[in-house]
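**Student:** Letter by letter, the chains look like this.
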Amino acid sequence: MADLYGYTGKILVVDLTSGETSTLDTTNYTDFIGGRGMGAKLHWDLVGPDVKGTDPENVLAFTTSPTTGTPCPGGQKTCVTGVAPHMYPVETYLKSVFGGMWGPELKYAGWDGVVLKGASATPVYILIQDDRVEIRDADDLWGLDTQSTERMLWDRFDDKHRIVTIGPAGENLVSDAVILSDDSNTAGKGGFGAVMGSKKVKAIVVRGTGEVTMARPEELLELAYESQRLITRKETEAQPSHPYRGSLFGPLSTEGNDIWKEGQEGKNVRTGLAGCMMCPIACGMSIKFKDGYSESTGHIMCVECNAEPEEMVVENENWGRAAFSRLKEMDKMGYSVWSMHLDIWPLFTYGVLKPEDLEIDAPVGSKKFSKELVRKISMREGLGDELAKGRAHFLNEFIGTDQTKLMYQMQAVTSGQSRLTYNYGANFYGPIGWVGCCVSRGRDNDQTWAFSNTITDPRVVAPGSKAYMQLQQDIGNMLWDTDQGAIDNANRVVSDKIAPMAYTAHNFKCWVDTVGSCSQFMPHISMYSDNYMGKWDIRRQLVSAVSGLDIDSDEKENEYCDRIWMLERCIGARQGQTKEDDWMYDCIFEDPSYKDWGLTREGLRSAIDQYYEIRGIDVETGLPRRSTLERLGLKDVADRMEGEYGIALPA
Amino acid sequence: MKNLQPITEEGLSRRNFLTGAGIVAGGVAAAAMLPNIAHAEESVAAQPLPGATNGNKLWEGTQLALGRVVHNPDICSGCRTCEIVCSTFHEGKASSYRSRLQWDKAVMDACITDIHTCRQCAGPECVAVCPTGALSIDPETGARVIDEEVCVGCRLCEGACPVKPSMIRYDERTSTCFKCDLCGGDPQCVKFCPTGALQSSWDIRSAEEEDDGFWEIEVTGDAKTFAHIEKPTLVLSDVSGGIQFDGVVWTSHATQFNIIMATFDATAEAYDKSGNSVGTSDSSAHMEIPEMQSAEFSLFIPTSAKVADLGHMALRIESAYITNAPGEEAAADGAAQTA
Chain B
412 MADLYGYTGK
422 ILVVDLTSGE
432 TSTLDTTNYT
442 DFIGGRGMGA
452 KLHWDLVGPD
462 VKGTDPENVL
472 AFTTSPTTGT
482 PCPGGQKTCV
492 TGVAPHMYPV
502 ETYLKSVFGG
512 MWGPELKYAG
522 WDGVVLKGAS
532 ATPVYILIQD
542 DRVEIRDADD
552 LWGLDTQSTE
562 RMLWDRFDDK
572 HRIVTIGPAG
582 ENLVSDAVIL
592 SDDSNTAGKG
602 GFGAVMGSKK
612 VKAIVVRGTG
622 EVTMARPEEL
632 LELAYESQRL
642 ITRKETEAQP
652 SHPYRGSLFG
662 PLSTEGNDIW
672 KEGQEGKNVR
682 TGLAGCMMCP
692 IACGMSIKFK
702 DGYSESTGHI
712 MCVECNAEPE
722 EMVVENENWG
732 RAAFSRLKEM
742 DKMGYSVWSM
752 HLDIWPLFTY
762 GVLKPEDLEI
772 DAPVGSKKFS
782 KELVRKISMR
792 EGLGDELAKG
802 RAHFLNEFIG
812 TDQTKLMYQM
822 QAVTSGQSRL
832 TYNYGANFYG
842 PIGWVGCCVS
852 RGRDNDQTWA
862 FSNTITDPRV
872 VAPGSKAYMQ
882 LQQDIGNMLW
892 DTDQGAIDNA
902 NRVVSDKIAP
912 MAYTAHNFKC
922 WVDTVGSCSQ
932 FMPHISMYSD
942 NYMGKWDIRR
952 QLVSAVSGLD
962 IDSDEKENEY
972 CDRIWMLERC
982 IGARQGQTKE
992 DDWMYDCIFE
1002 DPSYKDWGLT
1012 REGLRSAIDQ
1022 YYEIRGIDVE
1032 TGLPRRSTLE
1042 RLGLKDVADR
1052 MEGEYGIALP
1062 A
Chain Z
10 MKNLQPITEE
20 GLSRRNFLTG
30 AGIVAGGVAA
40 AAMLPNIAHA
50 EESVAAQPLP
60 GATNGNKLWE
70 GTQLALGRVV
80 HNPDICSGCR
90 TCEIVCSTFH
100 EGKASSYRSR
110 LQWDKAVMDA
120 CITDIHTCRQ
130 CAGPECVAVC
140 PTGALSIDPE
150 TGARVIDEEV
160 CVGCRLCEGA
170 CPVKPSMIRY
180 DERTSTCFKC
190 DLCGGDPQCV
200 KFCPTGALQS
210 SWDIRSAEEE
220 DDGFWEIEVT
230 GDAKTFAHIE
240 KPTLVLSDVS
250 GGIQFDGVVW
260 TSHATQFNII
270 MATFDATAEA
280 YDKSGNSVGT
290 SDSSAHMEIP
300 EMQSAEFSLF
310 IPTSAKVADL
320 GHMALRIESA
330 YITNAPGEEA
340 AADGAAQTA
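Protein chains in written order, with the working numbering: chain B, 412 to 1062; chain Z, 10 to 348.
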């Protein structure tokens, strides 16, 4: 067997029911590279179709990629997969990723992934120090917030250990609970904190002193340097017109907001920039004041630090301490910042709920309100118990009027909880985004945005400018030999050029998740190169230099992505996903507020059918064709679909 | 520090013979200094600090390093690129354990990161204590380097390093020590640092220490002049109940270092490395710093109160600045007072 570069060669399996550990051989998973792909394969192998998120039969898999821990910028994320309790109306398979440094530390400890099976009877945490793996009693940690847990564990071992943990929200099986690492890196999607909580695992503590091998380390260093230079400049070289400076994220500028001003006036502020491992951008920022108040704003892609309008009014601030303390409370309780921003907060904005309903004696937007709201949901107090089951449950079942159901459907466009929606920002991305309703994994549909966001990144080129459109056309010419798709997309025309773009976009996101990359790491466009066109190939060249895999063309990259995508589609199919799920709510076509989108049923139908053809999915049923699966080396998957689950696959 | 073994004068002489280049002067004198080094952390400021050369003729003639890698925590994102690039460049394998830099991130304290780097001391104790000649001075860059083929892993150098944590690392798997070698003059950590927080001291583009609540630094004169202030540490002296406050200053030009101190309930007194008082909290403290060298300084507050009661506010360095032209302190003083 050829040397296995980039991988450590083994995956840790912790059976919490029996308290035993075992290992899996990574070589069985290298066809799926790592991250999202490896996680999908583990899920397919280890979990059946009729499992709910918080069942002991659910398997929570943390997977890394070959690039994790190596000097590959933007290849360090850890993927979490399993059945997600947040999903509605059926709890489906999902993945979520988090950054930080836990994944690299796991690699240095000698593991490509950690799989949690079964459920413990009592609270435990898992200690991994190189080859030493222990399941330890966590009675004293259970009930603590995430920060206290981390402090306790760092005191117990040392702060070189990296930790993932859950807060009270996860312990109480709140469907929006996150898994949190370090200050604020979270796997926020799907409520995997509740899955960890259902297994009674409070934390996984990792310390590794080993190493990760690379196929061509010298080439990797050259590529890493090149991709760094495409994206950022050092602080000492940066120009004000170029917002991407190393560790200074232009649009997340804290300059001008209240918390920044407050610090500047007293000259007593200290900012710490928070970057994930090897990241040249480092989108996170922390602020500390002389009075001891410190706050992390989080990493923008994991925890969007939005200020709520109500806070600005009630606390009379513009991104001040109220906004930051709200973020901190959510991090401490292990509750999803996104769920709060998109799912819960609008209930108050639109008057569905009032603070009195939750017995909170403070106006919406006040510090006290935010703190109490997060606490009541996380602790499942009063009405918080219903909110803890998720927005979909709350609007569709708990209240359940036609009005709230419609509200759910219309705003679900942005929150991505249901399969019958498509990615947030679909309006911005146009038809490519609409085809995003054809999803592979569960009801998670943000498969388009990574690509769409990067080819139309307003931080690189000003939206609406000539260069902005030119960049999209250039990319169109590069990838599809025509810029017609970009033009059609901009004009909201669903032409036959749209489906191929959506296919590329979905595979792009699949690649990004699979190699543990971050969607903000995008050396294929660059403000530091001619016409903003960076280097398209460098993403896979980096992976190839690490792993030695032969990936030097779009075709070869697509082969991996197609395989992963189709396996996820099979996981969806065995959970009951059909063609009908690749669609949108009626209100999207009918409600006048969506009229500007130019979306019609016929247009979407034609684009989706074309998309199916490209994918090798049967247009009649929406199921993967057997020939497609066999072409991708998934014959065993096809056999299992037909033999074990009785799903007849079209030829 | 505690594991430092007694070394005979014969051993030192033989070592100097083995080492060859670099340290010609003062092998015997180094042996005489060793006890002081060993107990430096327990001493108050009156004791000489390790690694210092000012006023010490011991290291005269020793080749200086090109410089060192300096770190500015204010723009550091703690991404650990430096760590992983370090081991990849040297070993071809990615490993934080094999990094020559040490990474220290206060995750719960606004994510402020310190990167500890080798000082490439003007008076390299690590080279002096090495019994096998594995540690030597690279004639090209002046870097203090370890030949891992020769190293037997006795870890004397690790203990002799004046920096905490020790900048000499020990690999249990290979049973050898390893340290920063400045990558032959092109430090990869500096090249790859995405923010510019790590810089080669001989190639400073720009760097300014900002106020972190404890320090204010003002650099005057030539723009090339660069002062790097290490994060100071507070050490409770069990001898007298006072507080010791250690720091390191690095400059690219021969300069004079000025500290202005203020304390709330105690009198602060500053000492230089020779243990001479250079001032109290009512006045400025001045220190000469030779070109291209680091200088440790130590401030000591004699007080009966316990550190816990004093807190960090007990000693506040109001201002510290470097002037480029010794002899013009008065003018510079005025500028610093306004800072």
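It should be emphasised that the hints constitute simulated quantities derived from the structure, not laboratory data. Don't take each hint at face value.
Claimed, not checked - For lysine-lysine, the following PhoX-like pairs were computed, each having C-alpha atoms within a straight-line distance of at most 25 Å:
no., chain 1, residue 1, chain 2, residue 2
1, Z, 102, B, 421
2, B, 611, B, 463
3, B, 946, Z, 200
4, Z, 173, B, 779
5, Z, 102, B, 571
These numbers come from a predicted model, not from an experiment.
**Student:** Take the hints in turn and mark each one as holding or not.
**Tutor:** Results for each hint:
With a CA separation close to 18 Å, the supplied pair residue 102 of chain Z and residue 421 of chain B stays within the 25 Å bound. Of the supplied pair hints, the one linking residue 611 of chain B and residue 463 of chain B holds, its CA atoms being roughly 16 Å apart against a limit of 25 Å. Distance check on the hinted pair: residue 946 of chain B and residue 200 of chain Z sit about 21 Å apart at the alpha-carbon level, within 25 Å; holds. Restraint check for residue 173 of chain Z and residue 779 of chain B: not satisfied, since their Cα atoms lie roughly 43 Å apart, outside the 25 Å limit.
Note on residue 102 of chain Z and residue 571 of chain B: the hinted pairing holds, with a Cα-Cα distance of about 20 Å set against a maximum of 25 Å.
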